[in-house]
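K.L.:
These protein sequence lines map, in sequence, to chains A and B. With the UniProt record's numbering applied, the first sequence has no gaps in its numbers, which climb one by one up to 331 at the end. With the UniProt record's numbering applied, the second sequence has no gaps in its numbers, which climb one by one up to 331 at the end.
Keep in mind that the hints are not guaranteed to be accurate.
Said to hold, decoys possible - Which residues of chain A face chain B? A few of them, derived with a C-beta cut under 8 Å, are:
(1) Leu67
(2) Asn175
(3) Val225
(4) Phe228
(5) Asp272
(6) Ala321
(7) Pro326
Just so you know, the hints here were simulated from the structure itself, not pulled from any lab data. Predicted model only: the values in this text are computed from it and were never measured. Note that the Cβ used here is the ideal one computed from N, Cα and C, for glycine as well.
2 protein chains.
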Amino acid sequence: MKTTLIAITVAAAFGASALCALAAEPIQIIEPAVITEPAKVELGKKLFFEPRLSKSGFLSCNSCHNLSLGGVDAIPTSIGHDWQEGPINAPTVLNAKYMLAQFWDGRAADLQEQAAGPIENPKEMAMEHHIALKVLESIPQYQAEFKAIYGEQGISLSTVTDAIAVFEETLVTPNSRFDQYLAGDHDALSAEEKAGYALFKANACSACHNGPAVGGTSYQKMGLVQPFVTDNPAQGRIDVTGKESDRNVFKVPTLRNIELTYPYFHDGSVWDLTEAVKVMQQVQLGLPLSDEEAGKIAAFLKTLTGEQPQITLPILPPSTAETPRPQPFGQ
Amino acid sequence: MKTTLIAITVAAAFGASALCALAAEPIQIIEPAVITEPAKVELGKKLFFEPRLSKSGFLSCNSCHNLSLGGVDAIPTSIGHDWQEGPINAPTVLNAKYMLAQFWDGRAADLQEQAAGPIENPKEMAMEHHIALKVLESIPQYQAEFKAIYGEQGISLSTVTDAIAVFEETLVTPNSRFDQYLAGDHDALSAEEKAGYALFKANACSACHNGPAVGGTSYQKMGLVQPFVTDNPAQGRIDVTGKESDRNVFKVPTLRNIELTYPYFHDGSVWDLTEAVKVMQQVQLGLPLSDEEAGKIAAFLKTLTGEQPQITLPILPPSTAETPRPQPFGQ
Ligand code: HEC
Ligand code: HEC
Ligand code: HEC
Ligand code: HEC
Ligand SMILES: [Ca+2]
Ligand SMILES: [Ca+2]
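Please construct the entire structure, taking both the sequences and the accompanying hints into account.
P.N.:
Next up, the structure:
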């Protein structure tokens with residue numbers, strides 16, 4: 001609200017120039033990553049791709065947050081250790097740094113706190129933290145890298161998760177066509193896409209989906225005006241706060257790169273973006289949208305696909321005689 | 001044999017200069033990849049990383065031939081669809097183009113023929129070929145890429161496997177310390193490593209492990225002088241030829257990057273390289289090696305680790321409404 005008021009004031013002061021008008025938009029430009037600690041980012045990337053942080057030796061963060069696929073696994077619920085079915089759709093790690101908290105229910109305050117979860121989660125990587133640390137400690141190249149970056153702290157859960165988080169902070173997707181439009185290039189969007197954006201604002205989508213990530217700024221009830229019917233047992237933020245009013249309240253997901261992060265919703269039940277837009281309109285706002293209007297909004301949403309992070313696959317240092325062996329099967 | 005004779009002749013003609021002496025070595029230098037069809041390599045890379053070629057939408061070639069891990073999964077036997085345990089240790093895809101044929105038993109003539117196997121193998125990617133092709137056909141970016149590269153042929157099993165094979169041909173690991181040594185840099189190896197190489201030749205390891213890939217030039221009986229004890233039911237090349245004399249005969253694996261491709265042997269039973277050297281000496285040659293000698297050979301073998309392919313992670317084009325949905329669980 002504050003930002004909007006300031007923007008309007010500025011716009012008034014300078015005349016309603018295109019630039020100033022855009023400054024009042026509900027969505028802000030994503031800035032390219034500024035890398036201040038390249039060695040730490042490189043280490044975090046290794047850890048993000050490190051299957052030896054899982055019990056099987058097979059699953060890494062990138063298995064479920066595949067950076068070839070917009071940072072998701074693109075299936076309704078994830079495949080974890082022993083092919084166990086996960087409880088909820090995996091959100092993207094792209095632009096996750098803009099989220100007010102991590103996980104659908106916001107139970108982790110930040111990326112560092114989040115990263116400790118999946119390693120030990122028995123349905124995900126199923127690896128006791130102390131064994132994960134032993135794996136890294138058994139490998140001289142990791143020892144040297146942690147020492148160079150963290151000095152005395154060396155290899156610990158907190159340095160491991162710090163490095164992963166710092167890598168994840170670089171996973172932003174700037175320069176989408178919509179950002180180009182925000183930056184003043186009016187030709188970056190087609191007429192249909194502009195109409196979709198106008199509908200997005202007019203229909204109050206932007207009341208919930210706003211900020212640089214077009215989401216991730218608040219928790220909201222899923223099924224505000226009409227229940228969202230799902231088999232998925234997730235209860236949302238009530239699990240964190242214990243408050244009945246937080247039942248079915250979820251972190252508003254980012255709509256950046258939404259073209260890539262199908263299937264949609266916390267249960268991964270909807271594959272088609274236009275369909276997802278219609279569901280939103282129905283359960284959150286209660287006003288029917290025509291197919292044409294929903295299509296326009298979907299067309300606008302596809303302009304939010306940004307430049308994907310250019311990742312050079314890390315080359316991981318080999319295990320040694322001291323490295324705890326992976327346990328892929330029935331142990 | 002021919003090469004050796006020529007090399008000796010050349011060496012005689014010019015005097016036994018270092019270079020000419022080295023030309024007679026059983027191991028040849030790995031040359032860097034020369035990329036003549038960059039668009040095809042790029043497409044093949046996408047397909048190598050494409051989990052939508054699997055029934056689950058989760059497994060790609062890179063899941064089991066992880067290019068962060070020397071082209072293997074680094075577990076004794078692979079994890080396939082539905083976490084099924086594979087029958088045999090996954091060989092590396094690095095330098096696979098130098099193999100006289102593909103698979104442990106040589107049942108595929110070349111990389112292109114090989115690539116069709118894992119997609120449809122119910123224990124690997126478990127994806128009927130016609131559905132895999134439908135996935136690619138449903139995605140306009142793939143359609144355009146195949147058309148630009150293959151013209152009329154478009155998307156077919158043969159073009160898909162051709163692109164994968166052409167990508168795999170680029171997965172060579174030149175410029176190992178041993179290659180530098182072969183190229184004339186005598187300081188590239190330590191005294192211990194040189195001693196290990198001398199033992200490797202003196203003990204006739206190089207009778208089987210030779211050529212640029214230090215293996216892959218012949219089929220040989222595993223357990224030539226003493227049986228190799230294993231629970232693994234694989235019978236080797238007899239499955240291809242039907243000849244009793246081919247029981248327990250396997251393609252000699254490459255020793256390039258052997259430091260990275262643990263665990264060893266077709267059953268993945270041995271994790272330690274020095275131990276693997278001792279097993280070889282015992283079952284193939286019958287002459288005991290001291291720990292010290294085996295250690296020297298292992299030290300030499302580690303000089304065969306070459307420059308790993310620098311892979312920029314491909315960004316895969318999104319699915320469409322026409323794309324067959326992945327079936328990760330119980331369908
Ligand atoms: C087996 C699949 C799987 C693996 C492996 C996995 N994740 Fe996740 N990830 C998920 C799922 C599912 C969620 C959503 C869980 C929830 O919200 O309750 C999630 C949530 C997240 C989030 C929160 C994003 C948001 O917007 O709320 C981040 C960040 C994340 N994962 C990073 C990682 C990192 C880092 C690793 C490795 C250390 C990792 N994940 C490993 C499946 C996985
Ligand atoms: C009252 C808040 C609110 C409003 C208004 C709202 N959304 Fe949402 N939106 C959410 C929440 C919360 C979710 C996650 C719900 C879930 O998965 O349980 C969501 C999910 C989505 C998704 C799926 C994202 C994903 O990655 O799964 C899309 C697409 C979407 N919204 C678009 C829209 C559009 C378009 C509008 C307007 C027509 C809109 N939303 C209005 C809160 C809102
Ligand atoms: C589920 C694990 C898994 C997947 C997925 C997988 N492979 Fe393999 N791969 C193996 C195993 C195990 C073998 C050995 C099989 C045998 O020899 O009988 C193998 C053998 C090979 C070989 C032969 C190497 C040699 O020296 O003989 C090549 C090349 C290869 N795979 C490439 C691929 C390609 C390309 C894909 C994807 C289209 C792929 N693999 C998918 C596990 C896998
Ligand atoms: C008569 C042929 C022959 C001789 C001689 C031989 N090898 Fe082998 N080697 C093989 C075959 C065949 C295999 C694969 C056996 C299997 O896994 O079933 C193998 C496997 C290996 C492996 C494991 C490779 C992997 O990736 O799993 C190593 C290491 C090795 N040999 C080193 C040596 C050394 C060192 C010597 C000499 C002391 C030697 N070999 C002598 C044929 C031979
Ligand atoms: Ca999703
Ligand atoms: Ca191996």
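K.L.:
None of the hints should be skipped; say for each whether it holds.
P.N.:
Hint check:
| no. | hint | verdict |
| --- | --- | --- |
| 1 | Leu67 | 6 Å, holds |
| 2 | Asn175 | 14 Å, violated |
| 3 | Val225 | 27 Å, violated |
| 4 | Phe228 | 21 Å, violated |
| 5 | Asp272 | 6 Å, holds |
| 6 | Ala321 | 6 Å, holds |
| 7 | Pro326 | 5 Å, holds |
The structure does not agree with the numbered hints 2, 3, 4 stated previously, though it agrees with the rest.
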